[in-house]
Amino acid sequence: MTNAAMQGTYLGEGSGPRAWLLTTDHKRVAWLYLISLTGFFFLGGAMAVLMRIELATPAGDLVSDDGYNRLFSLHGIIMVWFFLVPSIPATLGNFLLPLMIGARDLAFPRLNLASWYVFIFGSLFALFSVVAGGVDTGWTFYTPLSTLYANGWVSTAAFGVFIVGFSTIMTGINFIVTVHTLRAPGLTWFRLPIFVWTLYATSLVMVLATPVLAASLILIVLERVFGIGIFNPDLGGAPLLFQHLFWFYSHPAVYIMILPGMGVVSEVLPCFSRRPLFGYKAVAISSMAIAVFGFLVWGHHMFVSGQSAYAGVVFSFLSFCVAIPSAIKVFNWSLTLRKGEISFETPMLYALFFLALFTFGGLAGLFLAALAVDVHLHDTYFVIAHFHYIMVGGMVTAYMAGLHFWWPKMTGRMYSETAGRIAATVTFVGFNLTFFPQYMLGFNGMPRRYHTYPPEFQFWHVLSSAGAVVLAVGYLMPLFYLGLSLFRGARAPDNPWHATGLEWQTSSPPPPHNFKTMPVVTRPAYAYDMKGLEHERFSPYREEAAE
Amino acid sequence: MSGTESVAFDTPQREQRADTLAMWVFIGSEAMLFGGIFLVFLIAHIDSGTAFAAASKHLSLPLGTFNTAVLITSSFTMALAHTLALQRRWRATVWALAATSLLGICFLVVKGIEYSREISEGLAPVLGLQFRYAGPDPKHAEFFFGLYFAMTSLHALHLIGGIIVIAGMIALWRTANPDNRLHRVEAIGLYWHFVDVVWVFMFPVLYLINR
Amino acid sequence: MSFGVPFVPQEASSQAGQVDALFYALLAFSVALGLALTGLVVGYAVKYRIGSKADRTGKRSRSLPLEIGWTMATLIVAFIFFGWGATLFVRRDHPPADALEITGLGKQWMWEFRQPGGQREINELHVPVGKAVVVSLAAQDVIHSFYVPAFRIKQDAVPGRTTHIWFIATEPGSYHLFCAQYCGTQHSEMGGWVTVMAPEQYAAWLNSQGEGETLAASGEKLFRALGCSGCHGANSKVRAPSLDGIFGRPVPLDNQQTVIADDRYLRDSILNPKKEIAAGYQPVMPSFDGLIDEGEMQMLLAYLKSLSPQPTAGARP
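As they're listed, the protein sequences go chains B, W and U. The first sequence runs 1 to 547 under my numbering. The second sequence runs 1 to 211 under my numbering. The third sequence runs 1 to 317 under my numbering.
Heads up, a few of these hints could be off.
As the list claims (entries may be wrong) - List of simulated lysine-lysine pairs, DSSO-like, C-alpha gap at most 30 Å:
1) U/K47 to U/K221
2) B/K281 to U/K221
3) U/K131 to W/K57
4) U/K131 to U/K305
5) U/K237 to U/K305
6) U/K47 to U/K59
7) U/K107 to U/K237
8) U/K221 to U/K237
9) U/K274 to B/K281
These are calculated hints, taken from the structure and not from any lab test.
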């Protein structure tokens, strides 16, 4: 990869392990994360494929009961904490945040590298528990099962997640301080790209919610290792206390997982419609509203847990409230297309698929927020379908959109557009085939975390398992054509998509400190329709000499 | 770009503002950690208030009070270190920092004495040790002591972290340039005061309920 | 079910129809909104694709009336669905007064039910059609959940507590019972059938099971065997509070407070007697924590609830 054309860019600045493993350049740290996270994605995905193969038949014939329980537990733990939570922030966020605000790097470059090492350190514990036989508590670690009855590597896995939480907090602090203190001259808050807004909102949730997860996991380890009975009813403790603590983090965590994806889509849709984002301010403010409201709804995971009906009513009300900002964003995204000039490159395809799948998953959330209906649907496949539509259909799709959108910027190469469009379509079809049947399963009463099931459910399970195979193909394809592009792809120009945004005003790939001269911002974000600029295609910012 | 530790900042002043903001955000994060555990305690207290009050009487009020005074004094010496650093009186600053960490160590020693006392009296339901409690409602008293050990050991861990950082700062004092020295003292000062504030909440909640 | 593929679950309880009405309303709204948005986005994508001759004058990138409009509309729709769901939900706490009382015990990895007449069932529950049934749920070890999809009901069984769920079955038949809270190795096998029968058949079935000991009768035997009657009995030398009519009665405590003797109070008094001392009595009752399991606890509670108030000489503290 390093050759004459890379000289002067961040990729040409030293090669070999030391230059990468001891880097403080945010762009290289982003690659460190990208490679590790891709590995975890496929590890978690492999577990999912095994589960779906098992579930194609009602009997439990592929793996044992315990084996299946460990598969779904590890699938959840790996996908949530070792892929989704860091995904967009640690890869695209790390790479693009300084570029988008006109800074040379993040506020704390060494903290950034340290966060990756902390992530890797934590993942060693998780990987150990995978290899040594696994965990069978579910990713939710409910007590007293996890504290008193589970026999797997619970403390090890919990400790690994605990460590990785620190990595999240470090990233969050870095991003918050960067956005506050390193914006280029003229870049006021309401001129920021929405991707920056969502990274900021995500970072707030990261630093405020993750410590509560740390507290819940510490208390589990204290109970298992030191015998302190916080959740043990025989010692005066309460099992439900764990659920409150756990979901107080884990509900905001799902917003950590989706907000950055919303940010990516807010960049891609305007670019390929050649229109500004509709209702920019509303989208920015609703991102913050989602972050705040997300802290108030945790009890909607506990409607039938034995918590009081009154609490249930309050949480249901607040859960409907939190749906509103998301709905607003969907309307704003849809209207961005109006009177545009729409083209369907790979990033745009992914963004449009996001719109469909996120909306569909979000509507299912309304069913779950409605108390009486949730009583029937809770702990069934309906919930599984809902959160996979949001996290995979939403977040992973947005991640792919962003990866393809900024790939030329990050690597200086173009990928095969045909391969990209095919992979996007294959994922869309495979995804729906996998997860739509699960809504049917849930409504008809199929509980989740079931290794075997009554034979009448088999039809939907077979459809779902077939879809999983298609989805796997769709996700494997980019490994090949993106990888190939690193060697054979056409050289990318500075701004192949003619997009607004400071990141496009520097070379592809960028130089080590991002900009030759620091930019000064004079225009709003997404200035695709400003008068007199139609011919520009596109260079919206005036560059001035550094102070 | 000279004088800044991070390549992103143009001037040390801007970097210092960023460092301070970062420390406040970190403190917000820590507040959520301790907040979570305090909440567990307070919810448990609603149910078992009388048992908790009776159990609390078995903690050593003299040692706890002494420790509170020690920690508050250490915050004073830390504030002193900051004032001295603002005046660029570096040698005096190092003395003040050393005094702070020594007071921190004193707190830990006294805490260790309390722990060993509680263990020998059979009031430590940890590591499978026998719990011998003669008062009413031993089940909830046991819960109280479990929470007591969880909360105070978490606090002590944070104190140890602060002491290690101060020790590291003192060790690397000569190599740091004056601007860095000042804002490092400010950063660790904020953290130390936070750890003190946590104790100021923890002490009455654990030692003083219903006295 | 068409071709044996489940599309719509059976409605077999009085609540099922009401829950389904809300479900289908949500579905209709989702389909309508989904189609509208799909039409809009696909329409725009086609009409305004690059190179098309559509009219692009008059473009705007915000519209306050529109934004306020759709925000208000979503708020109104949201609150309608919230209110509807909440209204149905709060009925869970109010079983009809004449409900048949069944106890259900979840343990790894089976359900054990007891009919009022004492008949025991493992992984099966027989109930009469058209009559309200309330199941008191307990868990021996970890959290389990009692779920009957056809009735649209679900309730977690939590160790250390008693929870309740009620229903009125409306269609004779056999319906799946599942454990819906992951509970360990054999979670997927922890289920069975709820069989709903016409009242005559239910009575016949009860008879054919034999009059097992009622739960309360088992509880009475346990009360003696554990030595409770030694202190709480009428002729006891040790002064202990009389338990006649105890359930639901206010109990003055030695700290000037008064509590109602409910499930929780009785349970705590047996497992942790020093937690709340009745006014005027010494705290000498031993704890039975670890000596009885959840099933035995259910028997004792049933016995205590069955004690009606009787005048006893010298019982007032």
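Quick rundown of the hints versus the structure:
{"no.": "1", "hint": "U/K47 to U/K221", "result": "81 Å, violated"}
{"no.": "2", "hint": "B/K281 to U/K221", "result": "72 Å, violated"}
{"no.": "3", "hint": "U/K131 to W/K57", "result": "54 Å, violated"}
{"no.": "4", "hint": "U/K131 to U/K305", "result": "22 Å, holds"}
{"no.": "5", "hint": "U/K237 to U/K305", "result": "24 Å, holds"}
{"no.": "6", "hint": "U/K47 to U/K59", "result": "14 Å, holds"}
{"no.": "7", "hint": "U/K107 to U/K237", "result": "39 Å, violated"}
{"no.": "8", "hint": "U/K221 to U/K237", "result": "21 Å, holds"}
{"no.": "9", "hint": "U/K274 to B/K281", "result": "60 Å, violated"}
In this structure, the hints that do not hold are numbers 1, 2, 3, 7 and 9, in rising order.
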